[in-house]
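With the hints as your guide, set chain U onto chain B.
In the order they appear, the protein sequences are chains B and U. For the first sequence, the positions run 1 to 104 when our numbering is used. For the second sequence, the positions run 105 to 569 when our numbering is used.
The hints are simulated quantities; they were obtained by calculation from the structure and are not laboratory data. One should not assume that every hint holds.
Derived lysine to aspartate or glutamate pairs resembling EDC-like cross-links, with alpha carbons at most 16 angstroms apart [said to hold, decoys possible]:
#1 U:Lys-356 to U:Glu-288
#2 U:Lys-356 to U:Glu-448
#3 U:Lys-159 to U:Glu-204
#4 U:Lys-527 to U:Asp-451
#5 U:Lys-249 to B:Glu-38
#6 U:Lys-447 to U:Glu-529
#7 B:Lys-59 to U:Asp-363
#8 U:Lys-458 to U:Glu-533
#9 U:Lys-250 to B:Asp-101
#10 U:Lys-249 to B:Glu-100
#11 U:Lys-527 to U:Asp-452
#12 U:Lys-356 to U:Asp-166
#13 U:Lys-250 to B:Glu-3
#14 U:Lys-496 to U:Asp-363
#15 U:Lys-542 to U:Glu-288
#16 U:Lys-250 to B:Glu-38
#17 U:Lys-250 to B:Asp-95
#18 U:Lys-135 to U:Glu-204
#19 U:Lys-113 to U:Glu-160
#20 U:Lys-356 to U:Asp-294
#21 U:Lys-135 to U:Asp-194
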Amino acid sequence: MMEPGLYHILFISAALFFIGVYGFLTRRNLITMLMSIELILNSVNLNFIAFNKYLWPHKMDGLFFTLFIIAIAAAEAAVAIAIIINLYRSHQSIDVENAEDLKY
Amino acid sequence: MNEFLTLMKSELVVTAIIFLLLFIKIGRGIKNESLLSLIQVLLLVNLISGFFFNKEGSLFGDMFHTSTLIAFQKNILSLGVFLISLLCADWLKRSQHLPEFFLLMLSALLGMFFMISSGNLLIFYLSLELATIPVAAMANFDLEKKRSSEGAMKMILSSAFSSGILLFGISLLYGATGTISFAEIPQQLDSSPLQILAFVLLFTAFAFKLSIVPFHLWTADVYEGSPIAVTAFLSVISKGSVAFIFISTLYKVFQPMHDVWYTLLVVLAIATMVIGNLFALRQQNIKRFLAFSSIAQVGFILVGISSGDTMGLTAVVYFILIYVFSNLAAFGVASVISEHSGKETIDDYKGLYKTNPFLSWILALALFSLAGIPPTAGFFGKLFLLTAGGSKGSYWFITVAALNMVISLYYYLRVVRAVFMDKNENPVESIKTGTSVKLALIICGAGIVLTGLLSWIFDYIQSLS
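One chain only, chain B, in its complex shape:
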């Protein structure tokens, strides 16, 4: 069986990143948009760990960065969900198409 190399992991992380971008741009449900952002952040985590393991194993910069990204992603999601709940109270919906008071 073939050992997975750097290119395999980079392919997966790039695919995750673009799936996340595609989901963010096409989905209309706010929670799904948040999930797409999580996909983007996880692809970044994969990238960091792969680069750290295969290219620069003597320093731990990539691993530390990953830990901080996980923590910040949780904080961001907390604030975003609080805002979305408040939006739901006023609009009775979490569809972005219904939040359209501000235009042009």
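Chain U in isolation, oriented as in the chain B frame:
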């Protein structure tokens, strides 16, 4: 230990104020008015303490570094926060959640301080998030208003998306160079395709935060939806701090890729100025109008940044100092009128001079400064920005920028004409402003006039940079 205290002084003062506010929040029984004046005094202390004991040095293995120029930039931001606390006093006094508002605002300010001082991509990312997440919560501060929560939703989603792009760029840059320290990256840069891709992704994230044109769409919506105090904070303090770190990243970290970013900046500067101006022409809401005018102003800042030498750095810092005074004066007048009469469209401003001559003069002064008309400081700010931009010898670029100043004159004067010359059946009634608001407006007006006339301010910034 002693070095730690002096170098991180401004961050420590802000942290101390945040803790004090937390304790005040837990205990109760302080009236809003006395609490507000206490906070104003604390912010004044924060501003004054920024002027003493500024040294150059770095901490935590180069993760945090500071210099006299960085200290000066922090002072500009503290000044802006102090002025906002004075200008929006009437709105804040009425608010039920006064300590929370300042907790969020000071956390964002702390993030900006760390961001300007960061010497490492990790600290930069963490402080950027600290500077944006609280602002999104602040944008939702009018909890009952539909528009406020819509603006906050747009802000948090677009800032989360842009930080995702920023992180992807950082991870590629880490893969290509093997380091995340600002001091070590420049030696590893050789403009390989991977590094250029990483740079473009980083640039995109900066463009989101600064609302440079293809990424400006969230700006106007968030500015219109948020309470005016938050809009002023977003457009002045937030934008100023990102501009400071943007310029130091470009000049120090990405110096070897100068040819790449020069072209990028020229194209984006022209697009930002033209599109910001064209959209500002047709706005009716005063907040939306100021949002598009601030997008156009960012275009002029990019003209200055494109020079790539100390003249550009000096011109940008000087311009942002002026921009703090003039934009805060405009937002201050808009905030007073919206607070007392609820009117926010330009048509409502017709005949304002008859009833409120003081507010009208300050608004006119601020708009003249934003447009860049000679006796005000805005003229000198724009002059230095264009001089710096022209240092590369591309005169057609400067000509386009100058033509855009003429277009912007039209829409700024449209508001001035509405205020001074147009007749109106029922204008905004005469408003009695509080002392602190009046004081802040006078400080802004004096700043607009004096920053331009006192040439030693420019020389001082030049000696720092």
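Tested hints:
no., hint, result
1, U:Lys-356 to U:Glu-288, "holds, 10 angstroms"
2, U:Lys-356 to U:Glu-448, "violated, 43 angstroms"
3, U:Lys-159 to U:Glu-204, "violated, 33 angstroms"
4, U:Lys-527 to U:Asp-451, "holds, 10 angstroms"
5, U:Lys-249 to B:Glu-38, "violated, 29 angstroms"
6, U:Lys-447 to U:Glu-529, "holds, 15 angstroms"
7, B:Lys-59 to U:Asp-363, "violated, 31 angstroms"
8, U:Lys-458 to U:Glu-533, "holds, 9 angstroms"
9, U:Lys-250 to B:Asp-101, "holds, 8 angstroms"
10, U:Lys-249 to B:Glu-100, "holds, 13 angstroms"
11, U:Lys-527 to U:Asp-452, "holds, 11 angstroms"
12, U:Lys-356 to U:Asp-166, "holds, 14 angstroms"
13, U:Lys-250 to B:Glu-3, "violated, 54 angstroms"
14, U:Lys-496 to U:Asp-363, "holds, 12 angstroms"
15, U:Lys-542 to U:Glu-288, "violated, 49 angstroms"
16, U:Lys-250 to B:Glu-38, "violated, 27 angstroms"
17, U:Lys-250 to B:Asp-95, "holds, 14 angstroms"
18, U:Lys-135 to U:Glu-204, "holds, 14 angstroms"
19, U:Lys-113 to U:Glu-160, "holds, 12 angstroms"
20, U:Lys-356 to U:Asp-294, "holds, 15 angstroms"
21, U:Lys-135 to U:Asp-194, "holds, 14 angstroms"
Checked against the numbered hints given earlier, the structure breaks hints 2, 3, 5, 7, 13, 15, 16 and satisfies all the rest.
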